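Visitor: Build the full structure now, drawing on both the sequences and the hints.
In the working numbering, the protein residues as written are 236 to 449.
Hint data in this document are derived by calculation from the structure and do not stem from the laboratory.
Worth double-checking, as some hints may not be accurate.
Only pairs whose alpha carbons sit at most 25 Å apart, straight line, appear in this in silico PhoX-like list of lysine-lysine [to be verified]:
| id | residue 1 | residue 2 |
| --- | --- | --- |
| 1 | K253 | K351 |
| 2 | K253 | K446 |
| 3 | K296 | K313 |
| 4 | K253 | K337 |
| 5 | K337 | K296 |
| 6 | K296 | K284 |
| 7 | K446 | K296 |
| 8 | K284 | K294 |
| 9 | K355 | K253 |
| 10 | K294 | K351 |
| 11 | K284 | K253 |
| 12 | K337 | K423 |
| 13 | K374 | K253 |
Please read all numbers here as calculations on a predicted model, not as lab measurements.
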Amino acid sequence: MSEGTRFDLLYETMPWHKVDTVVFDIGNVLIRFAPDGFLEILFPGDPEKQARMMREVYKGKYWEEFDRGTIDYETAAKALHEEYGGDIRDYMTSMTGWIELKTPMEEGWNAARRCKRAGKQIWLLSNYHDGAYVRLREKFASYFNIFDGATISCYLHQIKPEPEIYASLIEQSGLNPERTLFIDDTLKNVEGAMRCGIHGFHMDAPGKMEKFFI
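Guide: Laid out in structure tokens, this is it:
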């Protein structure tokens with residue numbers, strides 16, 4: 236199996252004839268994920284608590300476990316309380332409050348709609364928590380109903396950039412890696428897909444998808 240290529244480095248615009256399936260990450264591709272901003276809203280006027288929640292929750296050891304689907308919020312909050320002290324309610328607010336603060340990124344949705352109109356299969360591949368993903372699909376159902384399917388980390392106990400989750404993506408979607416493009420805002424996740432033969436697009440700047448998907 237040959238390694239995929241970086242389409243955003245190789246082409247100025249989408250080579251539609253080379254692709255049958257376009258796979259989208261969710262965070263900062265379709266839905267904005269901004270922990271700093273979330274914490275400012277959740278704990279207004281308390282920068283010390285914001286910094287603590289960023290360190291212990293968003294950048295803490297349990298966040299990846301949420302994505303992997305191996306721990307729930309209540310268990311993690313109790314464990315953090317035992318380890319660091321503090322109020323369990325603050326940990327729960329940090330872990331769950333951000334879900335209602337998320338907003339769509341129209342640039343990503345415009346790209347997805349263009350792919351759909353061009354007759355391409357469109358799929359989701361994302362590291363996501365169970366409860367957060369369920370609520371996201373409820374809140375933005377009118378957006379997500381254009382997708383043909385989804386491969387979500389918490390239900391597989393696999394996370395990007397592990398090769399197993401890209402294998403699961405291929406199995407679930409039936410895609411041909413050589414005719415598939417994967418878009419992610421994290422370079423290591425793009426490179427993980429490329430090692431599995433899928434082409435990659437690193438969404439690392441506003442306007443990049445808008446210029447590419449024309």
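Visitor: Now look at each hint and say whether the structure bears it out.
Guide: How the hints compare with the structure:
{"no.": "1", "hint": "K253 / K351", "result": "holds (15 Å)"}
{"no.": "2", "hint": "K253 / K446", "result": "holds (18 Å)"}
{"no.": "3", "hint": "K296 / K313", "result": "holds (14 Å)"}
{"no.": "4", "hint": "K253 / K337", "result": "violated (33 Å)"}
{"no.": "5", "hint": "K337 / K296", "result": "holds (22 Å)"}
{"no.": "6", "hint": "K296 / K284", "result": "holds (18 Å)"}
{"no.": "7", "hint": "K446 / K296", "result": "violated (37 Å)"}
{"no.": "8", "hint": "K284 / K294", "result": "holds (14 Å)"}
{"no.": "9", "hint": "K355 / K253", "result": "holds (11 Å)"}
{"no.": "10", "hint": "K294 / K351", "result": "violated (35 Å)"}
{"no.": "11", "hint": "K284 / K253", "result": "violated (49 Å)"}
{"no.": "12", "hint": "K337 / K423", "result": "holds (24 Å)"}
{"no.": "13", "hint": "K374 / K253", "result": "violated (34 Å)"}
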